[in-house]
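Peer 1: Residue-level listing of the chains:
Number of protein chains: 2
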Amino acid sequence: MEVLVPFSTDRPKTRLSDVFSPGERESFARSMLADVLRAVIDAGGHPRLLATADIDPPIEVDTYVEADRHVEADAPANGPLPADVPVTVDARPLTTAVNDALDRHEPTGSEPVAVVMADLALATPEALDRLFRAGGDVAIAPGRGGGTNALVVRDPAFRVDYHGASYLDHRHIAEEVGASVAVVDSHRLATDIDERSDLAELLIHGDGNATAWLRDAGVGLDATNGRVGVDREE
Amino acid sequence: MEVLVPFSTDRPKTRLSDVFSPGERESFARSMLADVLRAVIDAGGHPRLLATADIDPPIEVDTYVEADRHVEADAPANGPLPADVPVTVDARPLTTAVNDALDRHEPTGSEPVAVVMADLALATPEALDRLFRAGGDVAIAPGRGGGTNALVVRDPAFRVDYHGASYLDHRHIAEEVGASVAVVDSHRLATDIDERSDLAELLIHGDGNATAWLRDAGVGLDATNGRVGVDREE
Numbered sequence: 014m015e016v017l018v019p020f021s022t023d024r025p026k027t028r029l030s031d032v033f034s035p036g037e038r039e040s041f042a043r044s045m046l047a048d049v050l051r052a053v054i055d056a057g058g059h060p061r062l063l064a065t066a067d068i069d070p071p072i073e074v075d076t077y078v079e080a081d082r083h084v085e086a087d088a089p090a091n092g093p094l095p096a097d098v099p100v101t102v103d104a105r106p107l108t109t110a111v112n113d114a115l116d117r118h119e120p121t122g123s124e125p126v127a128v129v130m131a132d133l134a135l136a137t138p139e140a141l142d143r144l145f146r147a148g149g150d151v152a153i154a155p156g157r158g159g160g161t162n163a164l165v166v167r168d169p170a171f172r173v174d175y176h177g178a179s180y181l182d183h184r185h186i187a188e189e190v191g192a193s194v195a196v197v198d199s200h201r202l203a204t205d206i207d208e209r210s211d212l213a214e215l216l217i218h219g220d221g222n223a224t225a226w227l228r229d230a231g232v233g234l235d236a237t238n239g240r241v242g243v244d245r246e247e
Numbered sequence: 014m015e016v017l018v019p020f021s022t023d024r025p026k027t028r029l030s031d032v033f034s035p036g037e038r039e040s041f042a043r044s045m046l047a048d049v050l051r052a053v054i055d056a057g058g059h060p061r062l063l064a065t066a067d068i069d070p071p072i073e074v075d076t077y078v079e080a081d082r083h084v085e086a087d088a089p090a091n092g093p094l095p096a097d098v099p100v101t102v103d104a105r106p107l108t109t110a111v112n113d114a115l116d117r118h119e120p121t122g123s124e125p126v127a128v129v130m131a132d133l134a135l136a137t138p139e140a141l142d143r144l145f146r147a148g149g150d151v152a153i154a155p156g157r158g159g160g161t162n163a164l165v166v167r168d169p170a171f172r173v174d175y176h177g178a179s180y181l182d183h184r185h186i187a188e189e190v191g192a193s194v195a196v197v198d199s200h201r202l203a204t205d206i207d208e209r210s211d212l213a214e215l216l217i218h219g220d221g222n223a224t225a226w227l228r229d230a231g232v233g234l235d236a237t238n239g240r241v242g243v244d245r246e247e
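Each protein sequence line maps, in turn, to chains A and B. According to my numbering, the first sequence is numbered sequentially starting from 14. According to my numbering, the second sequence is numbered sequentially starting from 14.
Okay, chain A solo, but in the shape it has when bound (with noise of 0.2 Å):
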């Protein structure tokens, strides 16, 4: 399956701008970039970034964490990369690109095309393969609060729309274009990486680069409050 995973060069990340400077963001960024690429080649797609500019340097899959930082030795040893990700540069907005990209593709049921968010380091081959394999015209990943984190469309004529509250917003344009819609219910995918209360998630369950990247970058769990949030070392 075509995995577009889109994904913004220009200052990334900015609500964890509490927690890491501007270079440090796009490190962390990237680093996820690389589990979510990861994931998707195990899960048997093929990933496609959609970038909105070049990316210098490139990403590699399994090796960017250690060319920017020191990894631990008990760091997730992935597999090799089976091949190069192709890039697609786009710089207009993430609605306009993704539905041109749709537009390219023209994704049909025996060649679904998937949109899977670049921040989803929680992302497992198990959970996008839950994803690619749920029927429906649309299937749809929603995000904490109402977002799209991931969908695969088989309908040509869906379109994405961002903006808000986009999974309810995708639910009603596939049910205007009369296509069938699947919800996937994955914790994995619910949580993308956008502001400090997820970096814990990152923390509990994850176990790729960006999690080896958090740790070295000395945030840890703090369980003092309710709900198990981040400290970060001075």
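These are calculated hints, taken from the structure and not from any lab test. What you are looking at is a predicted structure, and each value in this text was computed from that prediction instead of being measured. Errors might be hidden in some of the hints.
Copies of the same chain look alike in the list, so a pair counts if it works inside one copy or between any two.
What the hints assert, rightly or not - With a cut-off of at most 25 Å between alpha-carbon atoms, the simulated SDA-like pairs for lysine to any residue come out as follows:
id, residue 1, residue 2
1, Lys26, Thr101
2, Lys26, Arg209
3, Lys26, Asn112
4, Lys26, Thr65
5, Lys26, Thr109
Based on these hints, arrange chain B on the given structure of chain A.
Peer 2: Chain B in isolation, oriented as in the chain A frame:
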């Protein structure tokens, strides 16, 4: 499967104090409990309330909300309650009460015992069925923030500890007693309704008593910021 549903009658849902009065929080907590009991029953489970005190008036799974607030005509029409839900009253802290109940029930592979939190208002029979059918001597549905929102115990040596990051603690305890662990990846089961932002999940994905209660209380989605939150009419 025997399914314990712990429920605190004493000042429930204090972290929703910024949205609801004490009386409203009690009413809302009961509407969520009714939804959880319905989902457990529809998943084939036999729920038993583990309450900190006598529940007065008794919970009526399908009609509770109507007794407290007007429910609109399009509220979900659930089937009749197959039987009254038995109640065990135990005023001790959650961990002690659950472990004592596990002692009494002596869970085994053929007669497991589940523990499902009373604020999982998004739980569906399908999500609970995945939990009930998951392998492992212990099956855990982690909650957002490191909690344990639901689990199935098939090993009488396993003990719970709900303090702090209980998901990680429960994995550790299972390891100590040689019990295998299965983890259920479910956004619905990961979403315990504790804080203001959780209410958005109910409005987006819910269709039970608790969602009807929220709408009737004037709580609606607010999409003005990054993630969709909630707003309440004055």
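Peer 1: If a hint holds in the structure, say so; if it does not, say that too.
Peer 2: Evaluation of the provided hints:
1. For the homomeric pair lysine 26 and threonine 101, the shortest alpha-carbon distance inside one copy (21 Å) is at most 25 Å, but the shortest distance between copies (48 Å) is not.
2. For the homomeric pair lysine 26 and arginine 209, the shortest alpha-carbon distances inside one copy (10 Å) and between copies (23 Å) are both at most 25 Å.
3. Proximity of lysine 26 to asparagine 112 under the C-alpha cut-off of 25 Å is restricted to the intra-copy arrangement: shortest distance 23 Å within a copy versus 42 Å between copies.
4. For the homomeric pair lysine 26 and threonine 65, the shortest alpha-carbon distance inside one copy (14 Å) is at most 25 Å, but the shortest distance between copies (43 Å) is not.
5. With identical chains, the CA atoms of lysine 26 and threonine 109 are at most 25 Å apart within one copy only, with a shortest distance of 20 Å there and 42 Å across copies.
This entry satisfies every hint, going by the numbered hints stated previously.
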